[in-house]
Amino acid sequence: MSIRQLSVFVQNEAGKLQEITDCLYASNIDIRALSVAETQDFGIFRLIVDDIDKAVSALQEEGHIVKITDVIGCKLEDRPGGLARIVKVISAIGVNMEYMYAFLTKSDSAYLVIRVEDNDAVEAALRARDIPLLEESDVTAL
Amino acid sequence: MEEKRYYQKEIETMPLEEIRRVQSEKIVKQVRNVYDNVKYYRDLMDEKGVKPEDIKGIEDIHKLPFVSKSDLREAYPFGMLARPLSECVRIHSTSGTTGKRVVAYYTQHDIDLWDECCARAIVAAGGSKDDVCQISYGFGLFTGGAGLNGGSHKVGCLTLPMSSGNTDRQMQFIMDMGATILCCTPSYAAYLGESLAENGYGPEDIPLKAGIFGAEPWTEEMRQSIQNTLGIKAYDIYGLTELSGPGVSYECEEQRGMHINEDHFYAEIINPDTGEPLPEGEIGELVFTSLDKEAFPLLRYRTRDLCRLTREKCSCGRTHVRMSKPLGRSDDMMIIRGVNVFPSQIEAVLLNEGYTPNYQIIVDRVNNTDTFDINVELTPDQFSDRVKDIADMEKKLVGAMRSMLGIGPKVHLLPPKSVVRSEGKAVRVIDKRKLHD
Ligand SMILES: [Zn+2]
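Protein sequences, first through last, are from chains U and W. Position in the first sequence (from 1) plus 1208 gives the number in the numbering used here. Position in the second sequence (from 1) plus 54 gives the number in the numbering used here.
To be clear, the hints were calculated from the coordinates, so they are not data collected in a lab. None of these values were measured; they are calculated from a predicted model. All residues carry an ideal CB built from backbone N, CA and C; glycine is no exception. Some hints could be false.
Here are some chain U residues pointing at chain W (derived, C-beta under 7 Å) [what the hints assert, rightly or not]: (1) 1215; (2) 1217; (3) 1218; (4) 1219; (5) 1220; (6) 1245; (7) 1249; (8) 1271; (9) 1275.
Partial list, computed: chain U residues near chain W (C-beta under 7 Å) [as the list claims (entries may be wrong)]: (10) 1273; (11) 1306; (12) 1315.
No farther apart than 20 Å at their CA atoms in a straight line, the calculated lysine to aspartate or glutamate pairs in the EDC-like style are these [unchecked claim]: (13) W/183 <-> W/230; (14) W/110 <-> W/72; (15) U/1275 <-> W/230; (16) W/471 <-> U/1331; (17) W/464 <-> U/1246; (18) W/110 <-> W/322; (19) W/449 <-> U/1246; (20) W/486 <-> W/424; (21) W/80 <-> W/170; (22) W/117 <-> W/330; (23) U/1262 <-> W/252; (24) W/110 <-> W/100; (25) W/464 <-> U/1221; (26) W/442 <-> U/1326; (27) W/442 <-> U/1246; (28) W/83 <-> W/97; (29) W/471 <-> U/1227; (30) W/442 <-> U/1331; (31) U/1283 <-> U/1221.
Construct all of the structure, not just a fragment, from the sequences and the given hints.
This is the structure we're talking about:
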């Protein structure tokens, strides 16, 4: 049920993000969501894209280090407390959230990307609360 | 049992007494030669009160004065020349990064002698006329390319004079020509191995069977990693431009120390502080005398390389003394916050911890304290999407460095190819303190 996230390792230097986005643009890849984690030395770009396999080969071709991780994507209800509800469901089952980020689609729906250790447990818990989960095919179609 | 192969069996397996006899004969002539023909040496010997007739055999060598790189610089360009320029056929030169360059001169006899030394190294690495020998050392003033090229010709290998750089072409020639022996710097061999792997060639696809690598320090761990990626046996070779170039000593199939070509180069180990000769097996500074070079003979030349010698019997049958890989060069040693640090130690830790040997050490001084940073490239397998994982790896590496060096560097893990890399010699150390002094 999970979706695949692409991570790219870059040196923390001006222009590095643009190198990545230029590379993806040149390969006609659409970025659905992006989050950046950085330290003084390096940055990790985490991306949800419409065609991850194509994105991986385009980036590797340019010598970038990439990694694919299974993450959970779920719909964020458009009302106060929507995010709090999801966080509560996950902490209730005692699973640690590594990181998360949100994105909007053209249809103005908001989605949340969540990175946890135990995808199955979190998916089951979210499904039990009728929180809609994203599939890989949804990401391509968004 | 497979028959042992040598380039010059009689010389390479000569009993010690015989080696000493040859050396004695040559040193007597050589001392007379430099005294008569090189004013610089005559002055040094007169100053020490030594006359050519005091040297009756190799056992008298300790009576002679030492020479060092600073003598060569002082005598630049022609002060050490023992033959008229009209008899010389070539020069080579050091890169001169640390001051005036050293220029060495060769007569045809000197070139032949050097080529022969390299031929012995190639045969010791399993080479014969059936081999295809790819020379990826730089050609030009640098001795690497010319030396191994000459040796390869003597052995009768099909020789590919590639020079360094242009990695795509290097890979193409290895694969298309079926190169079986690769000669280059160890850091370039590691880089070629990585590039071949990136192009989908594993050790079983690569026709190479042996590599002869030298001109920069490398570790046992680096040897293992090169051997695995290229599917070869990697042999060390040693030499200095001042003495001729690569081939002063070389490894045999034992891969345990390099046999010194003692019929041409006499080696001593001395205490670097006092100049006193040290007994066999002790670590000290390596000193060489070129016994029969004509144009640019050096007597008791201090190499600044620290190593040890052994006369233990070698299973390859060669009788010439073996030198250990230099443990460091007094020039390479860094003193950081009062601690002696060699780049070779840092490399050993990296390979032990599963990193590539692509690193750069940056030393600086800020507010009167030394800063010590190491940039290291991460491999795709090591990458994680979580910052914490990478921070933990950095922490673990700092710990391993501290226990090896006694001092903790700041480690920076970086993407591949972000550490500046030249295709010839690797720039391992940037010591910015020297800029401020
Ligand atoms: Zn041997």
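**OP:** Run the structure past the numbered hints and jot down the numbers of the failing ones, going up.
**Re:** Violated: hints 5, 12, 15, 16, 30, 31.
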